[in-house]
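Chain A is fixed; fit chain B onto it per the hints.
Protein chains: 2
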Amino acid sequence: MTEKSRKSNVIFRPHFKTHQSLKVGQWFRDEGINKIAVSSFSMAQFFAGDGWNDIMVAFPFNPREIDVLNRLSDKINVSILLAGNETLPLLTRKLKNTVDFYVKIDVGSKRAGYQTDSVIQIEKLLDMADMNNNLNFRGFVAHAGHFYNLKSVSQIRKEYKKYVKNLQTLKNYFTRRYPDIIISWGDTPSCTVLDKFEDVDEIRPGNFVYYDFMQLKAGICKPGDIAITVAAPVVAKYADRHEIIIYCGAIHLSKDYVIVDKKPVWGMVLSYTKDGWQFPKKPAYVKRVYQEHGIISMEHNDFFSVNVGDLAAIIPVHSCLTVSNLKNNCHFI
Amino acid sequence: MTEKSRKSNVIFRPHFKTHQSLKVGQWFRDEGINKIAVSSFSMAQFFAGDGWNDIMVAFPFNPREIDVLNRLSDKINVSILLAGNETLPLLTRKLKNTVDFYVKIDVGSKRAGYQTDSVIQIEKLLDMADMNNNLNFRGFVAHAGHFYNLKSVSQIRKEYKKYVKNLQTLKNYFTRRYPDIIISWGDTPSCTVLDKFEDVDEIRPGNFVYYDFMQLKAGICKPGDIAITVAAPVVAKYADRHEIIIYCGAIHLSKDYVIVDKKPVWGMVLSYTKDGWQFPKKPAYVKRVYQEHGIISMEHNDFFSVNVGDLAAIIPVHSCLTVSNLKNNCHFI
Chain A
1 MTEKSRKSNV IFRPHFKTHQ SLKVGQWFRD EGINKIAVSS FSMAQFFAGD GWNDIMVAFP
61 FNPREIDVLN RLSDKINVSI LLAGNETLPL LTRKLKNTVD FYVKIDVGSK RAGYQTDSVI
121 QIEKLLDMAD MNNNLNFRGF VAHAGHFYNL KSVSQIRKEY KKYVKNLQTL KNYFTRRYPD
181 IIISWGDTPS CTVLDKFEDV DEIRPGNFVY YDFMQLKAGI CKPGDIAITV AAPVVAKYAD
241 RHEIIIYCGA IHLSKDYVIV DKKPVWGMVL SYTKDGWQFP KKPAYVKRVY QEHGIISMEH
301 NDFFSVNVGD LAAIIPVHSC LTVSNLKNNC HFI
Chain B
1001 MTEKSRKSNV IFRPHFKTHQ SLKVGQWFRD EGINKIAVSS FSMAQFFAGD GWNDIMVAFP
1061 FNPREIDVLN RLSDKINVSI LLAGNETLPL LTRKLKNTVD FYVKIDVGSK RAGYQTDSVI
1121 QIEKLLDMAD MNNNLNFRGF VAHAGHFYNL KSVSQIRKEY KKYVKNLQTL KNYFTRRYPD
1181 IIISWGDTPS CTVLDKFEDV DEIRPGNFVY YDFMQLKAGI CKPGDIAITV AAPVVAKYAD
1241 RHEIIIYCGA IHLSKDYVIV DKKPVWGMVL SYTKDGWQFP KKPAYVKRVY QEHGIISMEH
1301 NDFFSVNVGD LAAIIPVHSC LTVSNLKNNC HFI
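For the record, the sequence lines run as chains A and B. Counted the way the working numbering counts, the first sequence spans residues 1 to 333. Counted the way the working numbering counts, the second sequence spans residues 1001 to 1333.
There's no promise every hint is true.
In silico DSSO-like pairs for lysine-lysine, Cα to Cα no more than 27 Å straight-line [unchecked claim]:
1) K1274/B with K94/A
2) K222/A with K23/A
3) K287/A with K1262/B
4) K96/A with K75/A
5) K263/A with K1151/B
6) K1282/B with K110/A
7) K110/A with K1262/B
8) K1327/B with K23/A
9) K282/A with K222/A
10) K35/A with K23/A
11) K1110/B with K263/A
12) K165/A with K151/A
13) K287/A with K1263/B
14) K1263/B with K110/A
15) K262/A with K1287/B
16) K1151/B with K287/A
17) K1110/B with K262/A
18) K263/A with K1263/B
19) K1035/B with K1165/B
20) K1158/B with K1171/B
21) K287/A with K1217/B
22) K217/A with K1287/B
23) K1007/B with K1162/B
24) K282/A with K1110/B
25) K35/A with K4/A
26) K1217/B with K1263/B
I should point out that these hints are in silico values taken from the structure, not numbers from a laboratory.
Okay, chain A solo, but in the shape it has when bound (with noise of 0.2 Å):
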């Protein structure tokens, strides 16, 4: 990702909520990358500590949040979200710092953000900003959530063209009153399968460190790309209804589960090896979670090559939420 970013001459900030992790963190770093995302400001609090300056809070800035802000802006590069113009009183009244912010856009998914042909609207957030000396407008954020929903690569490409020329058009209409913002584009699907980052300015890219089922199933990611497993303690077994109970449920996987054959699955399962983990030829998944329960249905010879004690490895349907869980409620190993 960083060499393709490269190409395009693109910045690359990814985003770190995925991984949660200062170690993943100094994989980047030592790539040469210095300007991360997050989603809350914890997630800035706690990778600030180790020494990264230049943070996205990518999520819409939360006015209760202010102090926060004031304290961490003391010491680094934050920069903030802005969706609506409902906080900029706020911001205008209590800010303490010069923040970088970037107005959000929606790209489709139809989450948060102005729409790219509410020119008004976000001109009137502008005059508002103008107004704060403190507040630097940086550009527009994007990020298309419901390309995870995309059935085909061509389609993402497709989908891509049309919101980013959308999203030019708006840059330049504002680039003669502000010359240098930019456009930032996030989401995995399109910074994976795209060659080049045309028409935008800097990827914000979070899932693709680890990937996960959802994406190997939407034919994102091959299943080597994939860098994730949770390690599922096996408590029990029946052999009645050749069903395997794993430790490993809800609170560790989260409760996404994807389409397979019809029926919802919660984790795809591996087993592990001496040389690591091995994809099996006839593929099992975690076919029922529970809080703490997970139940994997397993053809006869799998199932009595599995023994209560063992470990089987789960990659999990949405590793985001799978790290967020686990990083509250298990170890790493």
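Same frame as chain A, now just chain B:
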């Protein structure tokens, strides 16, 4: 629940995984409760540190936790669950203290445990356990997890009678060999709707301490019984689609949902007033959740009464999962 258990002359061993709070635990202690259930050894350690000394780890014993079991049973009375005989050789080799155990019985949820008619297999387990003087067989544990999906109170009563009768048969058979064994029964739905606990010796409900939207929706509790809301900061609102964005997503509420008007919802939205929270006349719901974002859809009038910076009160779908998430990611207020 304490009163009801006393009237029925059953032991009340509340499940503490729902609240995971020393303070709420203290309220139980004030009621004279001295036995509890938890779902992990780390929770057992947490409550043992606060003086609880009769704790059931109500999850099939994970052989990888033999060391923590030995450490904890040095200090307090820990009881474990066996959902198969596979862990007995390890327990026999490594157990250092006397430990009570219960045999887990599957009463229809098809999760973990023996069937009530698996007498020969249970006998085999007990024969193996009897070879170890440190293992005391105390009885049978059942959790009717599938009662959460039953459609009516009368259905719950009927199913309860059926399964308890089977458990009684099992207990009677083994009482000849183990005169003091008990039947321990879990699940909030049946413990809530039954007025009297006939033919069981112990109850272990947990969720009833807060209840949640799932229990409300299933008719198990009334709005006034609910004792939990998540205080969700409003970070953006979009008048064109009448949607409100809250800083409250899957890492807070979890991804458990229930179906309302044929659509999934991840929480019920109330408002905070100076007198506490208030149920609106026309309910609003969290209709989408992402990792950190939640999206609320609101009627015209209610929409304009909510401001960015407000807190919305969200009744979670499944309070146990929400508390588990919040304990790690947020502050309790």
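So, going through the hints one by one against the coordinates:
1. K1274/B with K94/A: holds (26 Å)
2. K222/A with K23/A: Since the Cα atoms of K222/A and K23/A sit roughly 24 Å apart, the hinted pair holds (cutoff 27 Å).
3. K287/A with K1262/B: holds (23 Å)
4. K96/A with K75/A: holds (12 Å)
5. K263/A with K1151/B: Cα-Cα ~23 Å, so holds.
6. K1282/B with K110/A: holds (24 Å)
7. K110/A with K1262/B: holds (21 Å)
8. K1327/B with K23/A: holds (25 Å)
9. K282/A with K222/A: Answer holds: K282/A to K222/A is near 16 Å, not above 27 Å.
10. K35/A with K23/A: Holds: K35/A and K23/A sit about 16 Å apart, inside 27 Å.
11. K1110/B with K263/A: Between K1110/B and K263/A the Cα gap is close to 18 Å, so the pair holds against 27 Å.
12. K165/A with K151/A: holds (21 Å)
13. K287/A with K1263/B: With Cα atoms ~22 Å apart, K287/A and K1263/B stay inside 27 Å; holds.
14. K1263/B with K110/A: holds (17 Å)
15. K262/A with K1287/B: holds (23 Å)
16. K1151/B with K287/A: Measuring from Cα to Cα gives roughly 23 Å; hence the hint holds.
17. K1110/B with K262/A: With a Cα-Cα distance of about 21 Å, the restraint between K1110/B and K262/A holds, given a limit of 27 Å.
18. K263/A with K1263/B: holds (18 Å)
19. K1035/B with K1165/B: Judged against 27 Å, a Cα distance of about 25 Å means the pair holds.
20. K1158/B with K1171/B: holds (20 Å)
21. K287/A with K1217/B: Holds, at roughly 25 Å.
22. K217/A with K1287/B: Given that 27 Å is the threshold and the Cα spacing comes to 25 Å, the pair holds.
23. K1007/B with K1162/B: holds (22 Å)
24. K282/A with K1110/B: holds (24 Å)
25. K35/A with K4/A: Given pair K35/A, K4/A holds - Cα atoms ~16 Å apart, limit 27 Å.
26. K1217/B with K1263/B: holds (13 Å)
Consistency with the previously given hints is maintained throughout, with no hint failing.
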